[in-house]
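Number of protein chains: 2
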Amino acid sequence: MNTKTLMAALLLIAAVAVDAHARELVVSEQARALQARAINLDTHLDTPALFGQPGWKITDRHSYAADGSQIDYPRMVEGGLDGGFWVVYTGQGPLDAMGKLKARDFGLKRLGQIREMVAANPDKFALATVAGDAARIKAEGRKSVYISMENAYPLSHDPSLLSYYYKAGLRMLSLVHGSHNDFADSSGIAEATAGEHGGLSEKGRQLIIEANRLGIIVDHSHASPEVFDQMIALSKAPIILSHSGAYDVYAHPRNLDDKRLKVLAAHGGVIQVNSLGNYLVDTGGTPEYRAELGKLYRSFGGRGEMSAQERKQAMAQIEALNTKYKIRKATFDDYLRHLLHILEVAGWQHVGLGADWDGGGGVVGYEDITALPKVVQALLDAGYNEQQITAVLGGNTLRLIEQVQALADPAAVKAALE
Amino acid sequence: MNTKTLMAALLLIAAVAVDAHARELVVSEQARALQARAINLDTHLDTPALFGQPGWKITDRHSYAADGSQIDYPRMVEGGLDGGFWVVYTGQGPLDAMGKLKARDFGLKRLGQIREMVAANPDKFALATVAGDAARIKAEGRKSVYISMENAYPLSHDPSLLSYYYKAGLRMLSLVHGSHNDFADSSGIAEATAGEHGGLSEKGRQLIIEANRLGIIVDHSHASPEVFDQMIALSKAPIILSHSGAYDVYAHPRNLDDKRLKVLAAHGGVIQVNSLGNYLVDTGGTPEYRAELGKLYRSFGGRGEMSAQERKQAMAQIEALNTKYKIRKATFDDYLRHLLHILEVAGWQHVGLGADWDGGGGVVGYEDITALPKVVQALLDAGYNEQQITAVLGGNTLRLIEQVQALADPAAVKAALE
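In the order they appear, the protein sequences are chains A and B.
For the record, in the first sequence the residue sitting at position 308 is 308 according to UniProt numbering, with numbers rising by one throughout.
For the record, in the second sequence the residue sitting at position 42 is 42 according to UniProt numbering, with numbers rising by one throughout.
Everything labelled a hint here was simulated from the structure, so no lab data went into it.
One thing to keep in mind: the hints can contain errors.
Calculated pairs, DSS-like style, for lysine-lysine (alpha carbon to alpha carbon, straight line, at most 27 Å) [to be verified]:
#1 A:Lys124 <-> B:Lys109
#2 B:Lys124 <-> B:Lys138
#3 B:Lys167 <-> A:Lys57
#4 A:Lys109 <-> A:Lys203
#5 B:Lys374 <-> B:Lys329
#6 A:Lys324 <-> A:Lys312
#7 B:Lys57 <-> A:Lys124
#8 B:Lys109 <-> A:Lys57
#9 B:Lys57 <-> A:Lys167
#10 A:Lys57 <-> B:Lys124
#11 B:Lys138 <-> A:Lys167
#12 A:Lys414 <-> B:Lys312
#13 A:Lys109 <-> B:Lys57
#14 A:Lys203 <-> B:Lys109
#15 A:Lys109 <-> B:Lys109
#16 A:Lys203 <-> A:Lys414
A partial selection of chain B residues facing chain A, derived with a Cβ cut-off under 8 Å [to be verified]:
#17 Leu108
#18 Ser160
#19 Lys167
For every residue, glycine included, the Cβ atom is placed at its ideal position computed from N, Cα and C.
Extracted from the complex, chain A is given alone in its bound form:
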């Protein structure tokens, strides 16, 4: 029995134990009290994709069953989420001049929508740019809005726009999404074009250097393993994986293997555990299924804008495809398996939560942000103490924000804020 086989066997035993436990998981007062004392952040909130939908309001209570949404103010209150990184996400489109221009305009618009949401709800939300903001904003009874970018495609036409994003609050940046672009190679399979850079391109390297200079956290999620290695080598500040899982739990290219998890931790970084079902378990999807799914996703349009109606229709189409191919649905236990494994390998000081809410995240038993207290309970049950759980809930993210900003070039920061 080699190491890998042993580990798989152990994981199976752990999985069974966790499954049996989580089915009857009841959130204790202890867990709720701990959460109330902690700062609870999720580092990948895709909810801004909903901000442009006519009639959709973050102050209304929605339900996952009715419209597939997972985050709004009432549910954040119920789930005890104090805020997080709200994402300027841009689906990868053509890398020609027109595609880059459209992505630029799209990114600026989405950035504006995030800021306008905060402006419209000053009693409930506040922009956050430094680590200390989160505690202050929580004490004021409001929710933190840190801003991040997923896929640097909006910077492709003109990377110098990063200075404006920084000025407008951007503090985290990923380079690539589901397919390769001119900054970096993607971990994507179905959607991937031919690998172009063997990791980072020169343009991608320059963007990381500039992010370092400004104190913007570099985010690896969605990039290839080679990009991870090169980011670690290049970035003078620790990096984040804002929403990723464990490759050694489920060998999906979106996940990070144990060896790299240890490198990440040694470099001071943090991995925020993702809850997107396809990356958590082998759902039984065949190559045919993945091809059909990829085609379906592409049919939804390149830049992530959907009306409520289109969204509902898209969910139904995916559901129909899943039924046709008898796709297994991931559960809360599957999510916990990744979380507990990563905690074990990377250490509690290097793990957090990035469930990809409103971006594909959420599994059976963990459908929206109201279920967050279950994670706290599960961590207590797994034997983690308050200090450790507080770190996972947000403390590690705040430490990273602080570290990355401390390593920035003060002259560059001053010039960008002028």
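Place chain B on chain A using the hints.
Same frame as chain A, now just chain B:
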């Protein structure tokens, strides 16, 4: 007695008559009722320069005496202003790469502040982009926020950004401010560098062509007379002077001469009368005064951002300089003299109001927007009827918005809004 001398004499007589009248001007119920029926727009509101000031709120009532400000929601209600064009103004700075980048970031930030002001006050303000919006928004009991840009300096680094500004609501664009830039020559004297283009540069011509394609109104104010001639020749849509005066009333390069006023009208354009004292009358300023004033303005910083404290201090410094040089203060009568002359020369269908509130406008007796009804009364007293006055108050501007958009390239508009 040649024509010019005759005209000067006539103007003097008119001035005395107007002066005698306006001193005792009382706003009638008729004027107020007319204003309530009309749509009252000002095409150059520099108030966004205040949006970034900590603690300044457009919903609070301020006073010109206390802080020099001239527009806020309570005073708009009192003065009967239904909205207008809110300006992304950028003071001209260096034309090197860094200056252009800083201007780009500054413009995007100011644009964001305008949109965030609207987002923060959805019961009082609404974004407006087409002519029909103004009546609807007034009927809803709100104020219209059309967006314009004064000085295309923020587009200097990358003119293709115009597509994003358009998407974000920009519907009017001037090329240049107090000194020449890479788009066009300025009418500025004290601040001017050497004339560079003899009017428009090729880059300026391309920007006008693109504005035409998108249905963005081209604004001549602050540009040189040669730029006016070239704009008229080039622009396939009528143009605006968003805040200018009559050169034949006071020969200041910021004003437009009668010959050009007639060309403007024949081309279908509109001139919105400015109330900035230095452009209305000979204030007795010597070259020494102007040199000192220019130096003072430059000391306020290049990009128009001032704190309340700095603003107050700046006003006091200007006031001290004016006292030192015994500068004559322009009055409401001086303003009316320009307005009535321009009405006479261009015709009532080609005149409107652009008082440069919060951007240097306002004279003795016309200090802030609460005085707007005095203009209505003065026009009634001068014999203009309701149709004509309604056109001046906003109808002509709305017609221009509609005309310019009707002449746009539908494919370009569709692509920009995608």
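Now the hints, each set against the structure:
no. : hint                  : in the structure
1   : A:Lys124 <-> B:Lys109 : holds, 23 Å
2   : B:Lys124 <-> B:Lys138 : holds, 10 Å
3   : B:Lys167 <-> A:Lys57  : holds, 21 Å
4   : A:Lys109 <-> A:Lys203 : holds, 24 Å
5   : B:Lys374 <-> B:Lys329 : holds, 19 Å
6   : A:Lys324 <-> A:Lys312 : holds, 18 Å
7   : B:Lys57 <-> A:Lys124  : holds, 18 Å
8   : B:Lys109 <-> A:Lys57  : holds, 24 Å
9   : B:Lys57 <-> A:Lys167  : holds, 21 Å
10  : A:Lys57 <-> B:Lys124  : holds, 18 Å
11  : B:Lys138 <-> A:Lys167 : violated, 34 Å
12  : A:Lys414 <-> B:Lys312 : holds, 26 Å
13  : A:Lys109 <-> B:Lys57  : holds, 24 Å
14  : A:Lys203 <-> B:Lys109 : holds, 26 Å
15  : A:Lys109 <-> B:Lys109 : holds, 12 Å
16  : A:Lys203 <-> A:Lys414 : holds, 24 Å
17  : Leu108                : holds, 5 Å
18  : Ser160                : holds, 6 Å
19  : Lys167                : holds, 6 Å
Going down the numbered hints, you'll see the structure goes against just number 11.
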